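Protein chains: 2
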Amino acid sequence: MRLSRYFLPVLKENPSEAQIVSHRYMLRAGMIKQQAAGIYSWLPLGFKVLKRIEQIVHEEQIRAGHIPLLMPTLQPADLWRESGRYDDYGEEMLRITDRHKRDMLYGPTNEEMITDIFRSHVSSYKDLPLTLYHIQWKFRDEIRPRFGVMRGREFLMKDGYNFDLDYESAIHAYNRHMVSYLRTYERMGLQAIPMRAASGPIGGDNTHEFLVLASTGESEVFYDAAITDLKFGDRVVNYDDRAECEAIVKEWTAPYARTDETHDEAIFAEIPEERRRSSRGIEVGQIFYFGTKYSEPMGANVVTADGSRVPVHMGSHGIGVSRLLGAIIEASHDDKGIIWPEGVTPFHAGIVNLKQGDSSTDLACEALYRDLSARGLEPLYDDRDERAGAKFATMDLIGLPWRITVGPRGISAGKVELTNRRTGESEEMSSGAAVDRLAQIYAGI
Amino acid sequence: MRLSRYFLPVLKENPSEAQIVSHRYMLRAGMIKQQAAGIYSWLPLGFKVLKRIEQIVHEEQIRAGHIPLLMPTLQPADLWRESGRYDDYGEEMLRITDRHKRDMLYGPTNEEMITDIFRSHVSSYKDLPLTLYHIQWKFRDEIRPRFGVMRGREFLMKDGYNFDLDYESAIHAYNRHMVSYLRTYERMGLQAIPMRAASGPIGGDNTHEFLVLASTGESEVFYDAAITDLKFGDRVVNYDDRAECEAIVKEWTAPYARTDETHDEAIFAEIPEERRRSSRGIEVGQIFYFGTKYSEPMGANVVTADGSRVPVHMGSHGIGVSRLLGAIIEASHDDKGIIWPEGVTPFHAGIVNLKQGDSSTDLACEALYRDLSARGLEPLYDDRDERAGAKFATMDLIGLPWRITVGPRGISAGKVELTNRRTGESEEMSSGAAVDRLAQIYAGI
Chain A
1 MRLSRYFLPV LKENPSEAQI VSHRYMLRAG MIKQQAAGIY SWLPLGFKVL
51 KRIEQIVHEE QIRAGHIPLL MPTLQPADLW RESGRYDDYG EEMLRITDRH
101 KRDMLYGPTN EEMITDIFRS HVSSYKDLPL TLYHIQWKFR DEIRPRFGVM
151 RGREFLMKDG YNFDLDYESA IHAYNRHMVS YLRTYERMGL QAIPMRAASG
201 PIGGDNTHEF LVLASTGESE VFYDAAITDL KFGDRVVNYD DRAECEAIVK
251 EWTAPYARTD ETHDEAIFAE IPEERRRSSR GIEVGQIFYF GTKYSEPMGA
301 NVVTADGSRV PVHMGSHGIG VSRLLGAIIE ASHDDKGIIW PEGVTPFHAG
351 IVNLKQGDSS TDLACEALYR DLSARGLEPL YDDRDERAGA KFATMDLIGL
401 PWRITVGPRG ISAGKVELTN RRTGESEEMS SGAAVDRLAQ IYAGI
Chain B
1 MRLSRYFLPV LKENPSEAQI VSHRYMLRAG MIKQQAAGIY SWLPLGFKVL
51 KRIEQIVHEE QIRAGHIPLL MPTLQPADLW RESGRYDDYG EEMLRITDRH
101 KRDMLYGPTN EEMITDIFRS HVSSYKDLPL TLYHIQWKFR DEIRPRFGVM
151 RGREFLMKDG YNFDLDYESA IHAYNRHMVS YLRTYERMGL QAIPMRAASG
201 PIGGDNTHEF LVLASTGESE VFYDAAITDL KFGDRVVNYD DRAECEAIVK
251 EWTAPYARTD ETHDEAIFAE IPEERRRSSR GIEVGQIFYF GTKYSEPMGA
301 NVVTADGSRV PVHMGSHGIG VSRLLGAIIE ASHDDKGIIW PEGVTPFHAG
351 IVNLKQGDSS TDLACEALYR DLSARGLEPL YDDRDERAGA KFATMDLIGL
401 PWRITVGPRG ISAGKVELTN RRTGESEEMS SGAAVDRLAQ IYAGI
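Taken in order, these protein sequences are the chains called A and B. Just so you know, we're using the UniProt record's numbering here: the first sequence kicks off at 1 and counts up by one. Just so you know, we're using the UniProt record's numbering here: the second sequence kicks off at 1 and counts up by one.
Keep in mind that a hint or two might mislead.
[Said to hold, decoys possible] Okay, derived cross-link-like pairs now, DSS-like style, lysine-lysine, Cα gap no bigger than 27 Å in a straight line: (1) Lys51(B) <-> Lys250(B); (2) Lys12(B) <-> Lys336(B); (3) Lys101(B) <-> Lys126(A); (4) Lys33(A) <-> Lys126(B); (5) Lys51(A) <-> Lys415(A); (6) Lys336(A) <-> Lys250(A); (7) Lys231(B) <-> Lys51(A); (8) Lys101(A) <-> Lys33(B); (9) Lys33(B) <-> Lys33(A); (10) Lys12(A) <-> Lys126(B); (11) Lys355(A) <-> Lys126(B); (12) Lys231(A) <-> Lys51(A); (13) Lys33(B) <-> Lys51(B); (14) Lys12(B) <-> Lys126(A); (15) Lys33(A) <-> Lys12(A); (16) Lys231(B) <-> Lys126(A); (17) Lys126(A) <-> Lys101(A); (18) Lys33(B) <-> Lys12(B); (19) Lys101(A) <-> Lys231(B).
Simulated from the structure, these hints should not be mistaken for lab results. Small disclaimer: the values here were computed from a predicted structure and weren't measured.
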């Protein structure tokens, strides 16, 4: 993309309404625009990151054997009356009446609807196990939306639901989700720690939240430093293998890690003092096993091998897709702007032309643009007639992990400069070497 | 995907509520499930086709130089009070009140919001031309939703908006959209004819609808048969070239083609009788030029080169993404089921194992599955323990364009059977030849 043809409305001043760094940088980098309290438009740059995150979530869910579908944003109230949650949910549920005076609502979550889909179409144990998920906009009418997309009202979430014949199989689904989530967050450049959580209004016995450590987090967290040494890496997982998934879950749940809701001082005190940590964390996902809480009242039963009818064991598993943008920025920025991890960056590299209009630098930039594109990379070329300082400031603010700087002096020596956004380190090399280096870096992502 | 692990709830009986063939087949093929009047869940097979269509729309919009973003589903009523449409829109607008008693609505379209984004960030003619679009769920509270996704209430639409300095530039944007739409529909295997239309509540002087000919269409259409001979083909278009785009638009608008709303019997009568056609059509898109209708009341102005301030010229351009599934099926089916064009098929080919459990056919099917996947194709392997007849019926119903049948007799002769869903023609060949053939067919799509 050429910046002269893009829509990237960066702001020079700090927006006064933004209290935390991710909100501030998302506004300044022209990623979002507030349309009403807690409701945002995703401007082109923000939309690109949102799509990258969504794509990673899809890929990892499909890898785990989970099946994508899409439920609508609006739901009939009657479904929620069946589970008993219509009256329980409170004012966070946005209730709507249509022209025929039917009670509807903007879905804050989808346990009822997915259970309805299941009971309408599945009746035999032979069709189990089954895990269905979708990535869809939700609405929760927060009384005081704040922190930008971190605590919005209209937000994008991946929510998946497993249907299993018995407890053991449902726990395997739970473990499978934990494993797939660990992989998902790591691909986004995040360390999200699974922490034992308290069950909320969804209900459930086994539940873990995934928290990203950040000083602006809404939860207080306590953990054994040993957990931050764990890496998922590029291990290949057979998601059908119960023992393999269970072993990975054990590895990540053995070190102490809890939020304030489940924190136990006595157990925490047993950790060697030098490994005891407390911090704040941002919740970016949660997994639940809740058994037959919805299948029983809603009649989601299957016939077993011996001919009896039993309610299925379920769980629900969520990733806060839109919130992740905020969490990633909270975890990865400096005083100049965002620092995108390579896995989610909106563009793979920026090209800065130091002397727009100079035919040799223009030609070199165009060639770089073409060569990077030919290698499957997407560069953002700052081809505006601007000072070098302004171009650098924009690149730093929007946080592309790599920048290639092209100037007349370098070109006459056959060199461009490749700069790493995180370390600030620059290296001179030929254009071809810079393209090769970037292709190699991104091939490993 | 292996069918034994998929969620494909096909129905044996014809659902009584479905009056038209696309609705019937989408329900029978397990593509959708109604959750409330005019509100559907997209089951896995339907979701896959929806994503393919969405992907084609994105690719063609980006090719034309248009920039994707994403606006929220809910909008504040105040924006619509500025344009004067809040009171005009009538009962099709779903009005919502949040917990703080603020008036909101579920967006039926986005002229107001995109104009708000534009005026907040753009103030100079130097930032023009600009075309922004999104693909987002909309809601129109139809009094009598029917025909499945063809006339739903919650529906997915691509809507794009151009911002230009003057009339000529805006007309180029209009032409660019027409060209990109012709390409878009043709990639989906559809012939969508641009027809001069009457302007609706959005307003506008220049407007064309795109109609797919089908007996179940909602509009009566009149056209010169010459237009159905036009093919876009694989021509490469320079979307910046005004003359080139204009010439393509002329080519497609020269033959008479109008809906009943703009039909003119006198002009129609001048077409040679053997080329005069009347039929019914399904609207799958519309482009509008409406000038300063929104920019003026909403203050979307830019400063020109001579320092004056002028309201920008705008247009809006829509493609009915979810409705396209219905339109494609209406245009492409037989009495056994759907026939997907290769460009939008949910899976590239079906593999039917005639004797599940026979080790030689099982092995041959697994090898085929692997080989197709390795070539970047996505097969659906019917590995259920079912009669051949039932497997064929399912494949015919869900409409994959190609089927590979693997049986013990063929395998002993080193052959599989490749069948074309549309023609019904079968050909025996080696597994390797079938994989090569399919890879070749899809490489051209």
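Results for each hint:
1. Lys51(B) <-> Lys250(B): violated, 32 Å
2. Lys12(B) <-> Lys336(B): holds, 12 Å
3. Lys101(B) <-> Lys126(A): Violated, because 49 Å separates the two Cα atoms, which is more than 27 Å.
4. Lys33(A) <-> Lys126(B): holds, 22 Å
5. Lys51(A) <-> Lys415(A): violated, 34 Å
6. Lys336(A) <-> Lys250(A): Between Lys336(A) and Lys250(A) the Cα gap is close to 40 Å, so the pair fails against 27 Å, i.e. violated.
7. Lys231(B) <-> Lys51(A): The hint is violated at about 33 Å.
8. Lys101(A) <-> Lys33(B): Holds, because 22 Å separates the two Cα atoms, which is no more than 27 Å.
9. Lys33(B) <-> Lys33(A): violated, 34 Å
10. Lys12(A) <-> Lys126(B): Roughly 19 Å separates the two Cα atoms, so the pair holds.
11. Lys355(A) <-> Lys126(B): Holds - the C-alpha atoms of Lys126(B) and Lys355(A) are around 19 Å apart, at most 27 Å.
12. Lys231(A) <-> Lys51(A): Cα-Cα ~25 Å, so holds.
13. Lys33(B) <-> Lys51(B): Holds, because 17 Å separates the two Cα atoms, which is no more than 27 Å.
14. Lys12(B) <-> Lys126(A): holds, 19 Å
15. Lys33(A) <-> Lys12(A): Holds, at about 15 Å.
16. Lys231(B) <-> Lys126(A): Not OK: Lys231(B) and Lys126(A) at ~49 Å, beyond 27 Å, violated.
17. Lys126(A) <-> Lys101(A): Violated, because 41 Å separates the two Cα atoms, which is more than 27 Å.
18. Lys33(B) <-> Lys12(B): Holds - the C-alpha atoms of Lys12(B) and Lys33(B) are around 15 Å apart, at most 27 Å.
19. Lys101(A) <-> Lys231(B): violated, 48 Å
When each numbered hint is compared with the structure, violations occur for hints 1, 3, 5, 6, 7, 9, 16, 17, 19.
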